[in-house]
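Trainee: Given next are the chains, with one letter for each unit.
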Amino acid sequence: MTHSPLLGPYQPHSTVAWFNGKSMSAGMVLSHVSLTRKQLPHKRYVINLCQDRYAFLIGFAAALCRNQTTLLPPNPSSEIMQQLTREYPDCYYVTDGQEEIAGLDGITLNLDTSPDHTPMENPQFQDSHVAAIAFTSGTTGTPRPNPKTWGSMVQIAQKTGESLPLSQGKPVTVVATVPHQHMYGLETTIMLPLQKGWAIHSGRPFFPEDIASILKEQPSPRILVSTPIHLRACVLTESRFPEVTYTLSATAPLTRQLANQVEELLHTTMVEIYGFAEAGTIATRQPIRENHWTLLPELTLESQTDGHAVNTPYFPEPVSIPDTIQPTNLQQFTLEGRPNHLINIGGHRASLDALNLSLLSIDGVVDGAFYMPEEKEESITRLVAFVVAPGKTVESILSALRTKIASVFLPRPVYLIETLPRNHTGKFLRKDAEALMREQPCHARPPNQAINP
Amino acid sequence: MEERSLSDQTPFETEIAQLLVTTLNLKVEPGEIPPLDPLFGEGLGLDSIDALEIALVIHQHYGYKLRSDDPDNATIFSSLRSLCEAIQKNREK
Numbered sequence: 035m036t037h038s039p040l041l042g043p044y045q046p047h048s049t050v051a052w053f054n055g056k057s058m059s060a061g062m063v064l065s066h067v068s069l070t071r072k073q074l075p076h077k078r079y080v081i082n083l084c085q086d087r088y089a090f091l092i093g094f095a096a097a098l099c100r101n102q103t104t105l106l107p108p109n110p111s112s113e114i115m116q117q118l119t120r121e122y123p124d125c126y127y128v129t130d131g132q133e134e135i136a137g138l139d140g141i142t143l144n145l146d147t148s149p150d151h152t153p154m155e156n157p158q159f160q161d162s163h164v165a166a167i168a169f170t171s172g173t174t175g176t177p178r179p180n181p182k183t184w185g186s187m188v189q190i191a192q193k194t195g196e197s198l199p200l201s202q203g204k205p206v207t208v209v210a211t212v213p214h215q216h217m218y219g220l221e222t223t224i225m226l227p228l229q230k231g232w233a234i235h236s237g238r239p240f241f242p243e244d245i246a247s248i249l250k251e252q253p254s255p256r257i258l259v260s261t262p263i264h265l266r267a268c269v270l271t272e273s274r275f276p277e278v279t280y281t282l283s284a285t286a287p288l289t290r291q292l293a294n295q296v297e298e299l300l301h302t303t304m305v306e307i308y309g310f311a312e313a314g315t316i317a318t319r320q321p322i323r324e325n326h327w328t329l330l331p332e333l334t335l336e337s338q339t340d341g342h343a344v345n346t347p348y349f350p351e352p353v354s355i356p357d358t359i360q361p362t363n364l365q366q367f368t369l370e371g372r373p374n375h376l377i378n379i380g381g382h383r384a385s386l387d388a389l390n391l392s393l394l395s396i397d398g399v400v401d402g403a404f405y406m407p408e409e410k411e412e413s414i415t416r417l418v419a420f421v422v423a424p425g426k427t428v429e430s431i432l433s434a435l436r437t438k439i440a441s442v443f444l445p446r447p448v449y450l451i452e453t454l455p456r457n458h459t460g461k462f463l464r465k466d467a468e469a470l471m472r473e474q475p476c477h478a479r480p481p482n483q484a485i486n487p
Numbered sequence: 079m080e081e082r083s084l085s086d087q088t089p090f091e092t093e094i095a096q097l098l099v100t101t102l103n104l105k106v107e108p109g110e111i112p113p114l115d116p117l118f119g120e121g122l123g124l125d126s127i128d129a130l131e132i133a134l135v136i137h138q139h140y141g142y143k144l145r146s147d148d149p150d151n152a153t154i155f156s157s158l159r160s161l162c163e164a165i166q167k168n169r170e171k
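Each protein sequence line maps, in turn, to chains S and H.
Quick note on numbering: the working numbering labels position 436 of the first sequence as 470, and the sequence is numbered without any gaps.
Quick note on numbering: the working numbering labels position 33 of the second sequence as 111, and the sequence is numbered without any gaps.
Keep in mind that the hints were calculated from the coordinates and are not lab data.
Values in this document were obtained by computation on a predicted structure and should not be read as measured data.
Take these hints with a grain of salt, some might be off.
To be verified - Quick list of in silico lysine to any residue cross-link-like pairs, SDA-like style, CA-CA up to 25 Å:
#  : chain 1 : residue 1 : chain 2 : residue 2
1  : S       : 426       : H       : 117
2  : S       : 426       : H       : 125
3  : S       : 410       : H       : 134
4  : S       : 410       : H       : 127
5  : H       : 105       : S       : 42
6  : H       : 167       : S       : 273
7  : H       : 143       : S       : 274
8  : H       : 105       : S       : 418
9  : S       : 230       : S       : 410
10 : H       : 171       : H       : 141
11 : S       : 410       : H       : 96
12 : S       : 56        : S       : 78
13 : S       : 410       : S       : 250
14 : S       : 465       : S       : 374
15 : S       : 250       : S       : 54
16 : H       : 105       : S       : 413
17 : S       : 250       : H       : 145
18 : S       : 56        : S       : 230
19 : H       : 105       : S       : 452
20 : H       : 143       : S       : 213
21 : H       : 105       : S       : 424
22 : H       : 105       : S       : 453
23 : S       : 410       : H       : 108
24 : S       : 250       : S       : 277
25 : S       : 250       : H       : 138
26 : H       : 143       : S       : 414
27 : S       : 426       : H       : 108
What the hints assert, rightly or not - If you want the ones that stay clear, here's a sample from chain S, every Cβ over 10 Å from chain H, calculated:
#  : residue
28 : 273
29 : 332
30 : 426
What the hints assert, rightly or not - If you want a taste of the chain H side facing chain S, the calculated C-beta under 7 Å gives, among others:
#  : residue
31 : 125
32 : 133
33 : 134
34 : 135
35 : 137
36 : 143
37 : 144
38 : 146
39 : 165
40 : 169
Where a beta carbon is used, it is the ideal one built from N, C-alpha and C, also for glycine.
Sequences and hints are given; from them, build the entire structure.
Mentor: Structure below.
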């Protein structure tokens, strides 16, 4: 049975993280992990709600030491949390602040005390252990589990790291704007630095000015992990940025123009990551220099009846690729787009079917459908919803949806209508949606007022 | 001077409400955004993507760079009125 270590390169005194402005050495991190593992209850699953990246890392590593599996909910809505606790009753949560989950036991991490510096052993975990389960919204409305073994997560981190060559010697710090509770964030801001021996900055800067100031506090070389939305904001403000060796972006396509602007502003090399919750990162590219994506080493593409799949020794079976791709050779492909039923807003993915099911599950909603208007490049397009719900207000529908779906998918606006035009097969067609939007009164309404009460 | 109730928009609040509606493509009349209602979650229903857009447009129009480590940040975004007060306090143009 094979094992892989928590820390790729292990030197007790080297910095693994920056927490509250302090350098946390490998020895201190392992002490925190060791103290925390003793506090964890005897359960199989844990939902790690820690907002601070360092606290999340300690909770994640401590859970691994106890052979537990971290669940990564697709969004923090109360309905998703309730579904997960029903599916995984042997579960608790860890938090570093105010967040809690009703009906579950919780542990609050206290990392204020500096642990002692005694060199400890670098923990080794079984490669076959399911370290995390990422959930996708699926088409049935129930979150679909995607188990991630420790071995596969280590492989992905090491292989992604190979596409980011750095000169040896100087310690690297990773600053990230993305949350660590989904696959892209977990892989690039926790696993990648751990396996490459890079330091993790524990914060999560949000506005361009925050990103610039945290980057300035870190010594070079620096790596920024972000998304097209944050990078666009950085380009449009007049903040001054220090040199950033690599800037990673994922979750949505990056235009070549934006990639150019980011490279100029941050004196950086832009690297785009392509992946999805079912497989994790599978390919990278430098968008200014190449149009095609290159698979991580040892990955292969396979044709399927309705698209392509990717396979590798660390997957139990080939994993379908949700986007339409065109292979250019055995190792490379181009992205041709996303099937119409998949929605991506600001990096959050969902299937239209699942969103529609959430809408139809609301009491008093007789019929209804989400619709994605034509997307524009310069701004983020939001969904709209057409709803048949006699006597209900827009506000009550939005309140109910808020407990079911991530806020980025909340419709803007909700059109209350008398009947939803469906064709003879029951489908709601794009042309009918466009016609309904044109028919709606052009004067706007406040969100708490029903259109036909 | 015209007397206003707490729930009436000031002219500057109407200006910022107009900016929010245009920037975020909201289907609301600017004058109908209650100045004390929350902007995020319940209320106007904005999210973090909107927060970035708001930060950009405020910087472009008023030269004020929002920061999330600003201890007042939760207050700034709590309502149209508090956002307007923060802009007026920090604006550079």
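Trainee: Could you run down the list of hints and mark each one as holding or not?
Mentor: Against the structure, the hints come out as follows:
1. 426(S) <-> 117(H): Roughly 23 Å separates the two Cα atoms, so the pair holds.
2. 426(S) <-> 125(H): With Cα atoms ~24 Å apart, residue 426(S) and residue 125(H) stay inside 25 Å; holds.
3. 410(S) <-> 134(H): OK: residue 410(S) and residue 134(H) at ~18 Å, within 25 Å.
4. 410(S) <-> 127(H): Given pair residue 410(S), residue 127(H) holds - Cα atoms ~15 Å apart, limit 25 Å.
5. 105(H) <-> 42(S): violated (51 Å)
6. 167(H) <-> 273(S): Judged against 25 Å, a Cα distance of about 20 Å means the pair holds.
7. 143(H) <-> 274(S): Satisfied, since the Cα-Cα distance of roughly 12 Å is no more than 25 Å.
8. 105(H) <-> 418(S): holds (11 Å)
9. 230(S) <-> 410(S): violated (38 Å)
10. 171(H) <-> 141(H): holds (6 Å)
11. 410(S) <-> 96(H): Holds, because 21 Å separates the two Cα atoms, which is no more than 25 Å.
12. 56(S) <-> 78(S): violated (32 Å)
13. 410(S) <-> 250(S): Status violated; Cα separation ~34 Å.
14. 465(S) <-> 374(S): Status holds; Cα separation ~14 Å.
15. 250(S) <-> 54(S): holds (15 Å)
16. 105(H) <-> 413(S): holds (16 Å)
17. 250(S) <-> 145(H): holds (15 Å)
18. 56(S) <-> 230(S): holds (20 Å)
19. 105(H) <-> 452(S): holds (20 Å)
20. 143(H) <-> 213(S): holds (22 Å)
21. 105(H) <-> 424(S): holds (21 Å)
22. 105(H) <-> 453(S): This hinted pair holds, its Cα atoms lying about 21 Å apart.
23. 410(S) <-> 108(H): holds (23 Å)
24. 250(S) <-> 277(S): holds (9 Å)
25. 250(S) <-> 138(H): holds (23 Å)
26. 143(H) <-> 414(S): holds (21 Å)
27. 426(S) <-> 108(H): holds (24 Å)
28. 273: The claim is violated: residue 273(S) sits with its nearest Cβ about 7 Å from chain H, within 10 Å.
29. 332: holds (36 Å)
30. 426: Holds, since 16 Å exceeds 10 Å.
31. 125: OK, holds: residue 125(H) within 7 Å of chain S, min 4 Å.
32. 133: For residue 133(H), the interface hint holds, since the closest Cβ of chain S sits about 5 Å away, which is under 7 Å.
33. 134: With a closest approach of 5 Å, the residue 134(H) hint holds.
34. 135: Where the cut-off is 7 Å and the nearest Cβ of chain S is about 9 Å from residue 135(H), the hint is violated.
35. 137: holds (5 Å)
36. 143: holds (4 Å)
37. 144: Holds. Min distance 5 Å.
38. 146: Status holds, d = 4 Å.
39. 165: Where the cut-off is 7 Å and the nearest Cβ of chain S is about 14 Å from residue 165(H), the hint is violated.
40. 169: Violated, about 15 Å.
Hint violations for this structure: numbers 5, 9, 12, 13, 28, 34, 39, 40, all remaining hints satisfied.
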